[in-house]
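Trainee: Listed here are the chains, written in short residue letters.
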Amino acid sequence: MADLLKQYDVLGAFWMTIVLTVFSAVGSLVIGTVVAVMRVSPVAVLRTMGAGYVNIVRNTPLTLIIVFCNIGLFVNLGLRLADKSSSTFLVDNNIRLAVLGLSVYHAAFVCEALRSGINTVPAGQAEAARSIGLSFGQNICHVVMPQAFRGAVTPLGNTMIALTKNTTVASAIGVAEASGLMKEMIEFSPDQLVLVFLVFALGFVVLTLPMGLLFTTMSRRLAVRR
Amino acid sequence: MTSQTVLFDTPGPRARRRHTLVAVAGGVVLLGVLAWVLSRLAARGNLTPAKWNPFASADTWTEYLLPGLVGTLEAAAISIVLALVLGLLLGMGRLSENRPLRWFCSVFVEFFRSVPVLLMMIFAFNVYAVYQVFDSEQLALAGVVTGLTLYNASVMAELVRAGVGSLPAGQREAGLSIGLTATQTLRSILLPQALTAMLPAIVGQLVVVLKDSALGSIITYVELLAQGQTLGTARANMVPAFIVVAAIFIAINYLLTVLAGRVERRMRRRGHTSAKAAPAAPGQAG
Chain A
224 MADLLKQYDV
234 LGAFWMTIVL
244 TVFSAVGSLV
254 IGTVVAVMRV
264 SPVAVLRTMG
274 AGYVNIVRNT
284 PLTLIIVFCN
294 IGLFVNLGLR
304 LADKSSSTFL
314 VDNNIRLAVL
324 GLSVYHAAFV
334 CEALRSGINT
344 VPAGQAEAAR
354 SIGLSFGQNI
364 CHVVMPQAFR
374 GAVTPLGNTM
384 IALTKNTTVA
394 SAIGVAEASG
404 LMKEMIEFSP
414 DQLVLVFLVF
424 ALGFVVLTLP
434 MGLLFTTMSR
444 RLAVRR
Chain B
4 MTSQTVLFDT
14 PGPRARRRHT
24 LVAVAGGVVL
34 LGVLAWVLSR
44 LAARGNLTPA
54 KWNPFASADT
64 WTEYLLPGLV
74 GTLEAAAISI
84 VLALVLGLLL
94 GMGRLSENRP
104 LRWFCSVFVE
114 FFRSVPVLLM
124 MIFAFNVYAV
134 YQVFDSEQLA
144 LAGVVTGLTL
154 YNASVMAELV
164 RAGVGSLPAG
174 QREAGLSIGL
184 TATQTLRSIL
194 LPQALTAMLP
204 AIVGQLVVVL
214 KDSALGSIIT
224 YVELLAQGQT
234 LGTARANMVP
244 AFIVVAAIFI
254 AINYLLTVLA
264 GRVERRMRRR
274 GHTSAKAAPA
284 APGQAG
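Top line first, the protein sequences correspond to chains A and B.
Under the numbering used here, the first residue of the first sequence carries the number 224, and numbering increases by one thereafter.
Under the numbering used here, the first residue of the second sequence carries the number 4, and numbering increases by one thereafter.
What the hints contain is simulated information worked out from the structure, not anything from laboratory work.
Please note that the accuracy of each hint is not assured.
A few chain B residues that face chain A, going by a derived Cβ cut-off under 7 Å, partial list only [as the list claims (entries may be wrong)]: (1) G29; (2) G30; (3) L34; (4) V36.
Example chain A residues on the side facing chain B (calculated, C-beta under 8 Å, incomplete) [unchecked claim]: (5) V260; (6) P265; (7) T286.
Now the in silico label distances, taken between C-beta atoms and shown as ranges [as the list claims (entries may be wrong)]: (8) A:S358 to B:F107: 37 to 43 Å; (9) A:T271 to B:D138: 46 to 52 Å; (10) A:G301 to B:T223: 56 to 62 Å; (11) A:E407 to B:P70: 26 to 32 Å.
For each residue, glycine too, the CB sits at the ideal point set by N, CA and C.
So that you can see chain B by itself, here it is in the shape it has in the complex (with noise of 0.2 Å):
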């Protein structure tokens, strides 16, 4: 079904009617929810000037807000690399023609992708701490980094897999018969293809990367919700921190999630048509 307009006819005057009156109820609906939840707020002192103020000094942002936002944003930055590359790895090795090999990496990326990332993340935080792999410092993070590399390169597995097996299959019959060796091949012609082609899946990962960094603040990792939640606890401000944080994250997902849309765009736009291996932007609850 291309357009919407195929699931209804063309408004008359008496459907005009009365999807105005629907609109207006609507509306109204709304906006009775959007009262109701104010005057609860307000109800509990959360509208006042004093609750808003701290926003507006310097000290707010410099102490928590930011500093949670650099933690959020580098445990997703790090993540989203090693899950590339991680990923790249064990999509190659599904497409392997060693079998050994081949099995390994299916049984590490279903393994890994029926996990909670919840899971990795405190098994990887006190493994860490028990062996004492890195110093207490940085413990959180490498929990944190680790949970989300494991899971996501699982799903950029899939993705690989995903993207050479969307491509034409002359493409790999011709590096065969043109003498290059299967690896060859999957490396030098259907590799390059395939990830062009997954461009915008990987730019829609990132928002499933940034959004699940906030489990870290479960393992005591600072970032954005743990700093806002430490700044409610000392402003006396819980509900709006909470705003705030909230629309922090939701403003750099959807830019994001922007983004992978204009992406995706172009590139069908320059006739990568194998595109659709890739799956619309951030299509994963998880």
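In isolation and in its complexed conformation, chain A is listed as follows (with noise of 0.2 Å):
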């Protein structure tokens, strides 16, 4: 087992999970905000929007969004996210590719996870902010959104653990991250099987478990207290 540690770049590939997840999370945060916003909007046409872009995102399977980020959008459409000339092109390209199809997809549970969020503030804040003359951006930024925000932290947890484990379909387009090289130094030795499943699995416990606690601690201490 040391040999095939010391001849595969096990951290390396954790890395790029690592990296991987931290993106697409920033990524689903802005674009689940942004949409969590629209569905609780005034205006019909956004809520319409909002509502269509979760139902349609939530419905579609991340390998079919991932894969088709390339072999549609970069294939055959020619959307580069990297720079052409650079000797990593495809890499970085796919890497992108794979933060794209990461934060999309996970965008609509974020959205979902917001709204209840908001479903856990009572109306009387949202009474006293439009009492006060606030618009309902102002309503939003200043009032409900911040309470929203720590009252989703559960669902925006499990949300972020979920993408964690889902970074590795990215492994679909060539992305070298864990599952991918796991695939390899399985395909090359096939007697270290078990082993290298277990190293690999453990690496996901390590990353996830801490995240579970992490927020688990953060939804009671930031809980608003009423």
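Join the two chains into one complex using the hints; note that each chain is given alone, in its own frame.
Mentor: This is the structure:
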């Protein structure tokens, strides 16, 4: 086993998993927040667009989205997210396409988590904000959303943990992350099969378990006392 | 916050004008994006009849898409049934009085909940291949089903635990006080109630299983996404093939989501208020 670990860059693969997770987390939080605000806005057209986004994305397999990002957006439609002249163009481009796919997919779940967070804010808060003359935008920005984020820590945390595990799908378009390396190692040394799996499985347990604990603590400490 | 209107005042004439303006702007942006996408698709020749005509001929469906759909549905159906059975056993194990059994089930559930489904599929596929558990035709299906079953059984086990936990304490006490053992109480009083409350979540889990079955394409399982790609290569219409495959997935999953919502509402009407243990249908990204 020690040989295998020396031969393959396991830590590097997990580093790529972490990179994908962090960038996609930021991307999905941004898109998800925008869609959530659209879904509760006073303009019916925006509400319909938000609901449409969530219903379409949530019901599409992530594998399809990621593979489409590569074969559809890049190969067929010529979308480039990296500098074409750089020597690492294909690698960078695939990583960014994977981040794009992961962000778009998880944004739908972030949006639903935030909506459940908005539901934890008592009606009196928004009514008070309106009665002192705040507009919808001010109401959302200064009164409702800050509390909604604090109330939505648990579902947001679950989404982020799912995102960490779902970065493995990026191997479908050749991003060198943990599951891709595991497949490679198993193919070249099938006698070490169980050991290799346990190492990678343990890697994900090490990544997700502290996240779970962190989000549980955060949801307790951030919860608005009412 | 129960109704949406709490967030904003009833619009007056000026606000209504502003909202119309925003709505028009939003519509224009949406149409602009759509137009841009269509023009990009057209520029690469994706909108020509030649690319879409294959979907009008029967053999596209009988040779590519329908076998793929059957593969997807087959893997999902086997997995959800196995996951239900295994999840029920694990959930009961976690609630058991027997400490080693409880520990074993807890570790099992927590482990398989935190390992990505794809890792399990790759592992199971290779184990079956190396030790020749299944013949080569069934290999990929077995790998997909194993991965999906282990993950979803762990999720189901948690649903069972949450469902039983949300029942009033009097139910268990009543069972014990008429002389049933703890196991009998669990089996004949608590579980039937918890399972009814779980029904919407189980339907919602079907959506997760269907979506995750597309991971099978990575381990060479013949399912809808893989068949779509084969079709796209064969007929040189990759983008249209993706669009059709996505539409099929979205249609099936959307129907299941609607069904889950309907089951939930129906049960609430019948007074199963303990349904709060069941999370909103496809609430998980898993």
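Trainee: Could you run down the list of hints and mark each one as holding or not?
Mentor: Structure-based check of all given hints:
no. : hint                         : verdict
1   : G29                          : 5 Å, holds
2   : G30                          : 6 Å, holds
3   : L34                          : 11 Å, violated
4   : V36                          : 10 Å, violated
5   : V260                         : 10 Å, violated
6   : P265                         : 5 Å, holds
7   : T286                         : 4 Å, holds
8   : A:S358 to B:F107: 37 to 43 Å : 57 Å, violated
9   : A:T271 to B:D138: 46 to 52 Å : 51 Å, holds
10  : A:G301 to B:T223: 56 to 62 Å : 29 Å, violated
11  : A:E407 to B:P70: 26 to 32 Å  : 30 Å, holds
Violated hints, in rising order: 3, 4, 5, 8, 10; the structure is consistent with all others.
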